[in-house]
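Asks: Each chain is listed here by its residues.
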Amino acid sequence: MPMLSRTAANLFWTGRYIERADFVCRLVDATARLASLPSTYGGDPTAWTGALASAGVADAFADTGLEPSELNITPFLTIGAANPSSIRNCLERARGNARAVRTALTREAWESLNGAWHEVERFTGPRLSRARAGELVEMVRRAVLAFDGSAHRTMLRDDAYWFLQLGAAMERADNTARLLDVKYHLLLPRDEAVGGSLDYFQWATILRTVSALTAYRWVYRDTVKPWLVADLLIFNTQMPRSLASCYGEIVELLDHLGEGSGRRGPAHRVAGSVQLGLEGTDIDQVFASGLHEFINRFLADNNQLGAAVAEQFLF
Amino acid sequence: MADSFDEMNGWGGSDPRAAYGEIRRWLDETPPEILQTRHAQAELLFRRTGITFSVYGDAEGAERLIPFDVVPRVLTAAEWNRLEQGLVQRVEALNLLLADLYGGQEIIKAGVIPPELVTGNPQYQLAVAGHVPPQGVFVHIAGIDLVRTGPDDFYVLEDNARTPSGVSYMLENREMMLRLFPELLQRAQVAPVETYPDLLLETLRSVSPDGADGDAGIVVLTPGPHNSAFYEHSFLADKMGVELVEGADLFVRDDRVFMRTTEGPRRVDVIYRRIDDAYLDPLFFRPDSTLGVPGLLTAYLAGNVAIANAVGTGVADDKAMYSYMPEIIRFYMGREPLLANVPTWRCREAEHLSYVLDHLPELVVKEVDGSGGYGMLVGPHATKAQIAGFAAKLRAAPEKFIAQPTLALSTCPTLSDGRIQPRHVDLRPFVLTGAKGVKVVPGGLTRVALAPGSLVVNSSQGGGTKDTWVSG
Amino acid sequence: MRIRVHHATTYDYQHPAEGVVQALRVTPSGYDGQRVIHWRVDVDVDGVLRERRDAFGNCLHIFSADQPVKSLTLRVTGEAEVRETAGVVSGALEPFPPQIFLRTTALTAADEAIRAWAQATEQGEPLARLHALMGRLHDKMAFDTTATNVATPAAEAFTHKRGVCQDYAHIFVAAARFLGIPARYVSGHLARPETDAQDAAHAWAEAFVPDLGWIAFDAANGVCASDSYLRIAVGLDYLDAAPTRGARRGGGEERLSVSVTARDAGLQRQD
Chain A
1 MPMLSRTAAN LFWTGRYIER ADFVCRLVDA TARLASLPST YGGDPTAWTG
51 ALASAGVADA FADTGLEPSE LNITPFLTIG AANPSSIRNC LERARGNARA
101 VRTALTREAW ESLNGAWHEV ERFTGPRLSR ARAGELVEMV RRAVLAFDGS
151 AHRTMLRDDA YWFLQLGAAM ERADNTARLL DVKYHLLLPR DEAVGGSLDY
201 FQWATILRTV SALTAYRWVY RDTVKPWLVA DLLIFNTQMP RSLASCYGEI
251 VELLDHLGEG SGRRGPAHRV AGSVQLGLEG TDIDQVFASG LHEFINRFLA
301 DNNQLGAAVA EQFLF
Chain B
316 MADSFDEMNG WGGSDPRAAY GEIRRWLDET PPEILQTRHA QAELLFRRTG
366 ITFSVYGDAE GAERLIPFDV VPRVLTAAEW NRLEQGLVQR VEALNLLLAD
416 LYGGQEIIKA GVIPPELVTG NPQYQLAVAG HVPPQGVFVH IAGIDLVRTG
466 PDDFYVLEDN ARTPSGVSYM LENREMMLRL FPELLQRAQV APVETYPDLL
516 LETLRSVSPD GADGDAGIVV LTPGPHNSAF YEHSFLADKM GVELVEGADL
566 FVRDDRVFMR TTEGPRRVDV IYRRIDDAYL DPLFFRPDST LGVPGLLTAY
616 LAGNVAIANA VGTGVADDKA MYSYMPEIIR FYMGREPLLA NVPTWRCREA
666 EHLSYVLDHL PELVVKEVDG SGGYGMLVGP HATKAQIAGF AAKLRAAPEK
716 FIAQPTLALS TCPTLSDGRI QPRHVDLRPF VLTGAKGVKV VPGGLTRVAL
766 APGSLVVNSS QGGGTKDTWV SG
Chain C
788 MRIRVHHATT YDYQHPAEGV VQALRVTPSG YDGQRVIHWR VDVDVDGVLR
838 ERRDAFGNCL HIFSADQPVK SLTLRVTGEA EVRETAGVVS GALEPFPPQI
888 FLRTTALTAA DEAIRAWAQA TEQGEPLARL HALMGRLHDK MAFDTTATNV
938 ATPAAEAFTH KRGVCQDYAH IFVAAARFLG IPARYVSGHL ARPETDAQDA
988 AHAWAEAFVP DLGWIAFDAA NGVCASDSYL RIAVGLDYLD AAPTRGARRG
1038 GGEERLSVSV TARDAGLQRQ D
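Protein chains in written order, with the numbering used here: chain A, 1 to 315; chain B, 316 to 787; chain C, 788 to 1058.
Just chain A, with the same shape it has in the complex:
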């Protein structure tokens, strides 16, 4: 069954915004932890500015003219009206997109999202204590899980579901890549004295931001080593937030979307070539040719895929 192009676009963006809300939640959580360590244990007073960069909203924050302190950044990331990627704005946009196409979602999926939005409305600024921010983050993370669960359990496996998942997978790839982009200097191979062992806490923070600290230990059975962190986030296909996993999923979703009509388009071509690129290389080659350059190229490819999806499905 073909689907209204606007409906497809709304679902795609619902998926993206929910994923982004989830990412920002984990980012806030991990950053609060890092910032609270004593500096002798790697506590980083610049952790919050780093979080702004990881969320891709450093410029938006600068525009507010506020001092970059935890006191100002926490509300900005969670409920900030001026921050297009604040948790609250993400939920609002996810809900706005979902509301426009309510009938494409099941009642359960819609209600979990609508319910979360009504709850977030209760968190008002301008200040937000660390405890309140923690509550908000916890609530939204649970809501996202509830949404995913309802979608998984109640939605037909048809185009509506695939577009929702496609948005989420592309956003997930983007978030992981952006995190790597901001923190790449911490992941460069040792020898160079970029940091000391104090960087351990930075690495742990990166892993926490993608919910992978425990996963790391299971995969590598080793202490946290920066190049292995990079390997996990880029290449490990067991780790759902790695770039390779995301692209495996994207290619599969695009195949589902093409099943009905048998049509192949620019989105299939771009996604396929990115996936091939990831399969044909490993972490050593990435470090050899430059982690930073690699990540930048990936971010550009992911953007190009966004444009190709819009073109192919007439968003």
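Hints in this document: simulated from the structure, not taken from any laboratory.
Positions of the beta carbon are idealized from the N, C-alpha and C atoms, including for glycine.
One or more of the hints may lead you astray.
[Unchecked claim] Which bits of chain C does chain B cover? Going by a derived footprint, with three or more residues having C-beta under 8 Å, they are:
hint, segment
1, 884 to 897
2, 991 to 998
[Unchecked claim] Examples of chain B residues lying across from chain C (beta carbon under 8 Å, computed):
hint, residue
3, G435
4, A444
5, R568
6, D570
7, Y594
8, L598
[Claimed, not checked] Some residues of chain C that are not near chain B, with every Cβ distance over 12 Å (derived):
hint, residue
9, Q801
10, V808
11, Y818
12, W826
13, A879
14, A900
15, A915
16, R916
17, A984
18, Q985
19, Y1025
20, T1031
21, R1035
22, R1036
23, R1042
24, S1044
Following the hints, complete the assembly by docking chains B and C onto the known chain A.
Replies: Chains B and C alone, transformed into the frame defined by chain A:
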């Protein structure tokens, strides 16, 4: 106002009217706190589902619930049968009237209605004069507002022949009652309303233009999520299993309408539009409309798409036209109207105007093209200053107003401030007309004025709704 | 007079515009005083061009482009023979009774000022009143191509006492309707002796006088229409009779350029 007929208790007395036996017993058995709890439960469920509406002029994005009252309004099967016949007759007449007004105008030639009601009415859409819509149906969905003043006294207060709303509340209210009080419904033997979406789909399918493929492309056209009735639009599309589209999702090529899909254009044959005429097509109506579809009217005039309701039906539900409905029914049907009109003074006529000006404190004065309870004067509830202000408006543009006596609307037991109290109600049944005739689901939307003594039931003015039962 | 018309309209879009649809009222119809000799409408991009009659009996073309377009030029050329009838328009297609043209619209609503001004026209026969109205309007207003635009209502132009032929026609129509005389808006061409191309076509008004029928008044020039007036379309106001009304998706900013020449074909042949 003390002398209103009560739906449950009649004119007073100890025994409830027959239809309310079960309700009275239930109200007597159930402590008000339980009702209050159920009421709160209902509100929570409505909000979580997002059954909300936005109010014009309210803070942006505000979404409100229409208050729901847990005490149902009950009609006996016999009462309903009478109403149903009257509704069918009235809507048939409305369709004949529109076919005539956009065709040969025999009713004007016969001198039954004055030509100015048509020539001067902006709702008479010149652009579609002479056009016969697919299968000849103009008003596919009508909402006829009824009020009651006594056991056998029902009046039509208003015909809604453009884009009447509220049917989703009729359906959701029933779902809610089934959830909250399943045994009560069973005991009362309530006729189901859940067939409405199927009937609507059948109605829309039956008016597909000739030559449309077997599988008619049907869509619901909405102005979008910011519209006050968006919930209803998405609800109906969902229940019918058709696409909910916005204007930008459709386009016209070579006098045919298509929707944009992920696999290219798909033909559209029937549009259930919830957009006013003025916004349908920027090439023919308001040029600044971004809600419509450029060129839609040419596809319509070419006979390639059905629009429900048809373009230009507003000329028939104007309140000045309303005042002629008894004559209109006699003219087309050759029979007496089965449902009475409220006596109406047309201020455009000098004698009527002077009567109205002399009796403002006891009359209700309405704009002929007003809706939603806006811009009206309820004489008995108005201050001297309000009456004087309205008199000036009347004198300046008398043709814009009609006046009616203030009716003692019936009351129905309603949960208010934790107690059961009488509140005034009306009733909007929904009448469907397809190629094969007219259908009505048993019941409709009962609207209730929640403030004590108030006669304004419109949801935009703080009215609430009740489930409506046809029982026995 | 034999009038020859060249009318070119070019739309340039910042980006390719999708779903371009145009409603064109650029082709004249005949009446007792007017006969179309030949007429052509051309569009320089691929699409579907269909001709029909609109509700007022005007010749209407609907064009829809097949593909997104960056630029679109619409070219109209033709010749028609117009006879001097002292402004009387008879024998035109009239789907509506004259009373329809008592309706008011947003562009032709008479405000307090127009009403008072119309009321002050000396009493008399409708024809005399209409002539007086035209003369007074011609004297009161100043022709000014910068004061108004196509969306300016009559009342606003009247307040500024400035405007173009469209505004004169709207005000005239508003005032006549207020006096109970059916009146309508006319778009068309005025054959002018000067050789320069104009950047707009012309517009005037028609009012209905019992026993005579529709009479054409050009308040902008203070005269009844002569055989230099080629009548294209009528309606309640500009929107009903506009040469072009379009819609599109995307495309960013639009640059519009119009070039119109309407000349006495007989004169040209003598050049």
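Asks: So is R1035 of chain C really clear of chain B, every C-beta pair being over 12 Å apart?
Replies: Non-interface label on R1035 of chain C violated, nearest chain B Cβ at 8 Å vs cutoff 12 Å.
Asks: Could you check that no beta carbon of chain B comes within 12 Å of the beta carbon of T1031 of chain C?
Replies: violated, 10 Å
Asks: Should the hint that L598 of chain B touches chain C count as held when the rule is a Cβ pair under 8 Å?
Replies: For L598 of chain B, the interface hint holds, since the closest Cβ of chain C sits about 4 Å away, which is under 8 Å.
Asks: Go check the segment 991 to 998 of chain C versus chain B for me, would you? Three or more residues, Cβ under 8 Å, otherwise it fails.
Replies: violated (count 0)
Asks: Grab the minimum beta-carbon distance between S1044 of chain C and chain B and tell me whether it stays above 12 Å.
Replies: The claim holds: S1044 of chain C sits with its nearest Cβ about 20 Å from chain B, beyond 12 Å.
Asks: For A879 of chain C, is the shortest beta carbon distance to chain B beyond 12 Å?
Replies: Fine: 16 Å to the nearest Cβ keeps A879 of chain C off the interface.
Asks: Verify this label for me: Q801 of chain C is non-interface relative to chain B, using a Cβ-Cβ cutoff of 12 Å.
Replies: Nearest chain B Cβ is 18 Å from Q801 of chain C, so the label holds.
Asks: Is the listed coverage of the segment 884 to 897 of chain C by chain B valid when you require three or more residues with a beta carbon under 8 Å from a beta carbon of that chain?
Replies: Result for this restraint: holds, n = 5.
Asks: Going by Cβ atoms, does V808 of chain C stay more than 12 Å from chain B at every point?
Replies: violated, 4 Å
Asks: When you look at the beta carbon of W826 of chain C, is every beta carbon of chain B farther off than 12 Å?
Replies: The assertion about W826 of chain C holds, with a minimum of 21 Å to chain B.
Asks: Per the stated criterion, does the least C-beta distance between A984 of chain C and chain B lie above 12 Å, as a non-interface residue requires?
Replies: At roughly 26 Å from the nearest Cβ of chain B, A984 of chain C sits farther out than 12 Å, so the non-interface label holds.
Asks: Regarding the hint that D570 of chain B lies at the interface with chain C, is the smallest CB-CB distance below 8 Å?
Replies: holds, 7 Å
In the structure shown, a violation is registered for the earlier hints numbered 2, 7, 10, 19, 20, 21 and 22, in ascending order.
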